[in-house]
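Chains as they are written, first to last, in the numbering used here: chain C, 146 to 431; chain R, 146 to 431.
Hints were generated in silico from the structure; no laboratory data involved. Treat the hints loosely; a few may be bogus.
Note: identical chains are not told apart, hence a pair may lie in one copy or across any two.
Claimed, not checked - 30 Å max Cα-Cα, derived DSS-like pairs, lysine-lysine:
no., residue 1, residue 2
1, 162, 289
2, 176, 429
3, 162, 407
4, 204, 176
5, 208, 162
This one's a predicted model, so the numbers in the text were calculated from it and none came from an experiment.
2 protein chains.
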Amino acid sequence: MGCDMRLYPECVPCMLKQALEMAKLVTHDRKVLERVLRAGLGILQSERWNVPQPIVAFKLFRKVSELIGVEDPYREIKRQSNRFVMNLYDELEGIIESSKDKLMTAIKLSIAGNIIDYGTGRPFDVDETINRVLRTDFTINHYKLLREDIEKAETIVIFGDNAGEAVFDKLLIEQLGDKKITYFVRAHPFINDVTVIDAEEISLEDIAEIKEVRFGDWDRGMSIDEAVRFAKKSDLIISKGQGNFELLSGYDAKIYFLFIVKCDVIARAVNAPIGSQILLLNQKYR
Amino acid sequence: MGCDMRLYPECVPCMLKQALEMAKLVTHDRKVLERVLRAGLGILQSERWNVPQPIVAFKLFRKVSELIGVEDPYREIKRQSNRFVMNLYDELEGIIESSKDKLMTAIKLSIAGNIIDYGTGRPFDVDETINRVLRTDFTINHYKLLREDIEKAETIVIFGDNAGEAVFDKLLIEQLGDKKITYFVRAHPFINDVTVIDAEEISLEDIAEIKEVRFGDWDRGMSIDEAVRFAKKSDLIISKGQGNFELLSGYDAKIYFLFIVKCDVIARAVNAPIGSQILLLNQKYR
Chain C
146 MGCDMRLYPE CVPCMLKQAL EMAKLVTHDR KVLERVLRAG LGILQSERWN
196 VPQPIVAFKL FRKVSELIGV EDPYREIKRQ SNRFVMNLYD ELEGIIESSK
246 DKLMTAIKLS IAGNIIDYGT GRPFDVDETI NRVLRTDFTI NHYKLLREDI
296 EKAETIVIFG DNAGEAVFDK LLIEQLGDKK ITYFVRAHPF INDVTVIDAE
346 EISLEDIAEI KEVRFGDWDR GMSIDEAVRF AKKSDLIISK GQGNFELLSG
396 YDAKIYFLFI VKCDVIARAV NAPIGSQILL LNQKYR
Chain R
146 MGCDMRLYPE CVPCMLKQAL EMAKLVTHDR KVLERVLRAG LGILQSERWN
196 VPQPIVAFKL FRKVSELIGV EDPYREIKRQ SNRFVMNLYD ELEGIIESSK
246 DKLMTAIKLS IAGNIIDYGT GRPFDVDETI NRVLRTDFTI NHYKLLREDI
296 EKAETIVIFG DNAGEAVFDK LLIEQLGDKK ITYFVRAHPF INDVTVIDAE
346 EISLEDIAEI KEVRFGDWDR GMSIDEAVRF AKKSDLIISK GQGNFELLSG
396 YDAKIYFLFI VKCDVIARAV NAPIGSQILL LNQKYR
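One chain only, chain C, in its complex shape (with noise of 0.2 Å):
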């Protein structure tokens, strides 16, 4: 048993919004984003809710990309976080390798690299977040246990969120000791989330295996249920971002859940404010 992650009502306003944001990143004709905007209307009306947020977003946004003609509007966004990022990864790997508990440290990087997310529409700065997540404590902190974890496996599944953000997974992976490491990104756009090209922009195969994860019809990638299946069969399983504890909290798996909490709905879920860290267990595996 996990949260109660299906959509909630502060959802929809705000996925309609995401949707437009997509849209004017490719055009500002006000015939087509109107005609977006209509069909959004649509889609979130015959959709039913009680499936998490990301599942209906994802029908959203594909319709977004086919009215718009533009596959995935967020590719230059995450070629250039990516980009940016692994600029940063000496630098990165320096404070990681001259901290006290580099295991710690890399965790931590990992979850200011959340941060890196065009999807909610909010202004970042990732020297300013890096120093503030290093500073800052987790809000909910299970990291003794995720530490033990490990120590004890093998085999390691990480579900990714977003380009750039995978950069900093990287870090963490080489921090983790020598494991079998499966990674998993989407199997289709989805906003700025990490795909297979985003993988090997920052050429994360060389150190884990890539997977994809679909969130509805797709031509390729594993649907959510058999990816969880296939990830309960490791002996750990980390997963990053909203987007993903969205997804995943649900499923009666032992998941540690890495994040920033980026808006109301989460922080309610989570009962953390706003900006928190978040390195949560699933509470019946604590």
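Based on the hints, put chain R in the right spot on chain C.
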């Protein structure tokens, strides 16, 4: 000719968010909130979008009222706003009377009052706002024209905006000299906009004739067309707030618009950043 203030794409998710916030003033029952959202999605989809945003919002908010079973969910908030500013009345009057340019100070305070708007969901601080507004220059400033027109006018029509803010307008009216003032309130509840009940709560009828304007079908009040026709017979028209700017700026009428920019859509329309104080006369009348 005025600004193109028909509903912008960005208004669509924003109106839906406001509809949800309105419902949440009365209930947190998920079923009711979902019913409100689904009805809202339907209304937004079926309406034409070539009209000002408040026209569509009116229909949306009426439906919300019906579904939550409360005609005016902002009633208590409006009452508190009125009382709050009435308690500041003598202090505010003192600020005006001791200032060098009393009319200017009264106008500035009347614009400061425009920050009292629960509709946008932003927090506000009245004292801080008053001080900031008094210190800050108008971003768009047709004060000299307005001052001249006030001196010449015998009859003045004011379109009121929010409850609470209307108390500031009362202070302004006192500085206008011996004129015949007509003050338009909403004929129906519309978020925290001023209605005839608010006008009574602050005894506005002592210094102005109160008239009602409606945004759509309603059993009393003038339509916007009728209100503008009426207002054009007076010597001077003053419009308070963003909502009235959206409703009235398309009319061929000499109107002074007084407001604080509160959202990106209006910021773009008047080419001034959020938070700007605007004292704007329609272009063709300058």
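A quick look at each hint next to the structure:
no.	hint	verdict
1	162 - 289	neither (39 Å within a copy, 40 Å between copies)
2	176 - 429	between (50 Å within a copy, 28 Å between copies)
3	162 - 407	both (15 Å within a copy, 17 Å between copies)
4	204 - 176	both (21 Å within a copy, 23 Å between copies)
5	208 - 162	both (14 Å within a copy, 22 Å between copies)
When the structure is compared with the earlier hints, a violation turns up for hint 1 alone.
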